[in-house]
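**Student:** Build out the structure end to end from the sequences listed, making use of the hints.
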Amino acid sequence: MKRRTLLASAAFAATLGTAALAQDTTKACFVYVGPIGDGGWTYQHHQGALAVKEAYGDKVEIAWQESVPEGADAERVLTQMALSGCDIIFTTSFGYMDATNSVAAKFPNIKFEHSTGYKREHPNVSTYNARFYEGRAVVGHIAGKMTQTNKIGYIASFPIPEVIMGINSYYHHAKKVNPDVELVVTWAYTWFDPAKEADAARAMLDQGVDVITAHTDSTAPLAEIAKQDGKAWGFGQASDMATFMTNDDGTPGPRVASIIDEWSPYYVKRVGALMDGTYEQVDSWAGMPEGEVVIGEMNDAIPADVKAEAQAMIDAITAGEYHPFTGPINKADGSPWLAEGETASDGDLLGMGFYIEGITAEIPN
Amino acid sequence: MIHLVKRPQPSRFWTAVTPILAVLLTMVVGGFMFAALGKPPLEAIRTIFWDPLFHEQFAAYSRPQLLIKAGPLILIAIGLSIGFRAGIWNIGAEGQYIMGAIAGAGVGLAFYPMESFIIFPLMVIAGALGGWAWGMIPAVLKTKFGTNEILVSLMLVYVAESVLASVSSGLLKNPDGMGFPGSRNLQQYDSAANLEIIPNTGMHWGVVAAFVAVIFAYVLLTRHIRGFHIQLAGQAPRAARFAGVRPARIILFCLGLSGALAGMAGLFEVAGPSGQITIDFNSGYGFTAIIVAFLGRLHPVGILLAGLLMALTYIGGELAQLMLGLPGASIQLFQGMLLFFLLATDVFTNYRIRFGQGEAA
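Line order of the protein sequences matches chains A and B.
Be aware that the first sequence starts at -16, since it is given in the numbering used here, and climbs by one per residue.
Be aware that the second sequence starts at 168, since it is given in the numbering used here, and climbs by one per residue.
Source of the hints: derived by calculation from the structure; they are not laboratory data.
Take these hints with a grain of salt, some might be off.
Calculated from the model, a selection of chain A residues having no Cβ within reach of chain B, i.e. all distances over 10 Å [as the list claims (entries may be wrong)]: (1) 67; (2) 191; (3) 258.
A few chain A residues that face chain B, going by a derived Cβ cut-off under 7 Å, partial list only [said to hold, decoys possible]: (4) 66; (5) 230; (6) 336.
Straight-line C-alpha distance at most 27 Å; calculated DSS-like pairs for lysine-lysine [claimed, not checked]: (7) A:102 - B:340; (8) B:206 - A:42; (9) B:340 - A:314; (10) A:214 - A:314; (11) B:340 - A:179; (12) B:206 - A:36; (13) A:134 - A:36.
It should be emphasised that the depicted structure is a prediction, and the values quoted were computed from it without experimental measurement.
C-beta atoms are modelled at their ideal positions from N, C-alpha and C, and glycine is treated no differently.
**Tutor:** Pasting the structure below:
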């Protein structure tokens, strides 16, 4: 009986050329740019997918495809997913932006959710991102307090607003607690390349930088910092990277805290909305208040008072009482950006193409 | 005891049979691997080889996709195979593919937003020239200084990748892209778009070029003196020299041709299915084409079939991931097995197996 209804509905779906396979279960599909075992970006998205399954059990079915190259292959993978009966498809890398929109045009009844992009050309395309600069603010504070050499580093990926926003937030909060702090930025031009990331970290350490945060996803910078025997510190990025939290001998490891991308709340909410009929197109940019940006456990390398301050900042951001970009802040060329007490608009942040005052480096073209 | 006895001439029978045997062995061993992963082996094999062609839900879409995926593989592999026959090992088709795409897309974007029928042909020429120029670097270095073209062409892939990263976040960056790396989408620029010639068939100009290349290579190798020289240079370099074949010319011709074809493949891809120059634009076609060339026995018709087979394993592999939850790495392993078994069974082409006490060779 069950088999027969399945076949019947499959034939029905085939004749219609659409994807509604079975009405009682909702199928959520995920496209990943890396392998689910990358320990960073894709791993965190997959945790979100598993959370959807956990939350709704038999009412949802999840499917995913890993290591999908951006470009032509993505378009085919998305189309095949749509044909296979996915009701909602999450595309979890910036490079899937055009493919997502062009496939969405062909399947108006399927919902598409694109991560970190800005194009919503059709009513069935939503975009979502997280306010990672909130996390950068907290680690910036810790970095400013912990540096002995007054030199802190940032391994940057690409000169895009997302990254520049992170650099500014990190520096601003380090500078607030340590006016002598100096920022070194190294561009790796990659999101994930352990060898390049390790080179970048080593070059910074050689220059006397002793606290490093990365906008790239591998653990290579932490492995490099670990060789400094407790004279330099770093942060987990994208995922907790907890293996670097404690050394083998029990002393605090090089990873003093971490910024975790937590997509589960968003994924659970969106799939839930689709199931109960309240789904609407959105442009979501959530952060600590919604639980999408999480600071991983701080280890004991951080002095207790700094820990308490960092926690207070987390609480203030979570409660909506503090915005990491609150004036007065000037641009690097000395012109005013935010007046006393003024907070940055989302539009300003999303198009950010300038450093704030005090950063001496240039943004590469 | 088992002895391998060298055949006086490669067996024609085994030349034809080994690719089929390799596919069958891959299915059997791959099936065991899928079973070990806890997935139904027969269903997995069927999903990979059968569903893209005949599944009622997917086939209408995935059949044309086979052509789109196979087109660049065949085009690049044809160029490579001609060089391989002459003993010239161009391993850097990936780099030539990238440079062709950059040159061709660069020409198209330079005309934006002008509309004219002349733009696309100019892009194709620029794409071919870009790939050709990148292929000429190892060629000239080899003829002038005797460098090894395997190393030089391979290293130039990494140079090309750096150039790609640079232009996609600089020179060719979309001015309306909010600061993100990546060029304008050529699919949305009519004069530059490499669209399907007949909708829903997968037939775009790159696929047409691939078929033309197959015919061209067939004629070159069987009917043309240059083709004879190329094969002679590969099989008997000394004899070739006595016959008046100049090695430098063959090197320049083979690397230039394979570079130009790879460059065109890059252009057709960037103007068509891919649409954009981005940091990760290249997706390994240049390397996969090496497998296709050998799987097709360096024969134009063989390459055509091998390209389609390879495309089938890609698309079927994606379906298997999606429908059965197979890990992506197992699909790559499956494709790797194909080449491994082909090379392993190749021993039958050149050797005869003799059981029992054989005489010393």
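**Student:** Each hint needs a verdict: does it hold in this structure or not?
**Tutor:** Here is what the structure says about each hint:
1. Not every Cβ of chain B is farther than 10 Å from the Cβ of residue 67 of chain A; the closest lies at roughly 6 Å, contradicting the non-interface assignment.
2. The non-interface label for residue 191 of chain A is consistent with chain B: the shortest C-beta to C-beta separation is roughly 28 Å, beyond 10 Å.
3. For residue 258 of chain A, the condition that its CB be more than 10 Å from all CB atoms of chain B holds, with the nearest at approximately 21 Å.
4. Hint status for residue 66 of chain A relative to chain B: holds, with the closest Cβ pair at about 6 Å, below 7 Å.
5. Of the supplied interface hints, the one on residue 230 of chain A is violated, with its beta-carbon coming no nearer than about 31 Å to a beta-carbon of chain B, more than 7 Å.
6. Hint on residue 336 of chain A holds. Least Cβ distance to chain B is approximately 6 Å, under the 7 Å limit.
7. For the given pair, residue 102 of chain A sits about 17 Å from residue 340 of chain B by alpha-carbon distance, which is consistent with the 27 Å threshold.
8. As the CA atoms of residue 206 of chain B and residue 42 of chain A are separated by approximately 23 Å, the hinted pair is consistent with the 27 Å bound.
9. Pair hint residue 340 of chain B plus residue 314 of chain A holds up; C-alpha atoms about 25 Å apart against a cutoff of 27 Å.
10. Under the criterion of a C-alpha separation no larger than 27 Å, the hint pairing residue 214 of chain A with residue 314 of chain A is inconsistent with the structure, at around 32 Å.
11. A distance of roughly 23 Å separates the Cα atoms of residue 340 of chain B and residue 179 of chain A; the hinted pair therefore holds under the 27 Å criterion.
12. With a C-alpha separation of about 20 Å, the suggested pair residue 206 of chain B and residue 36 of chain A falls inside the 27 Å cut-off, and the hint holds.
13. The suggested pairing of residue 134 of chain A with residue 36 of chain A is violated, with an alpha-carbon distance near 45 Å, which exceeds 27 Å.
Hint violations for this structure: numbers 1, 5, 10, 13, all remaining hints satisfied.
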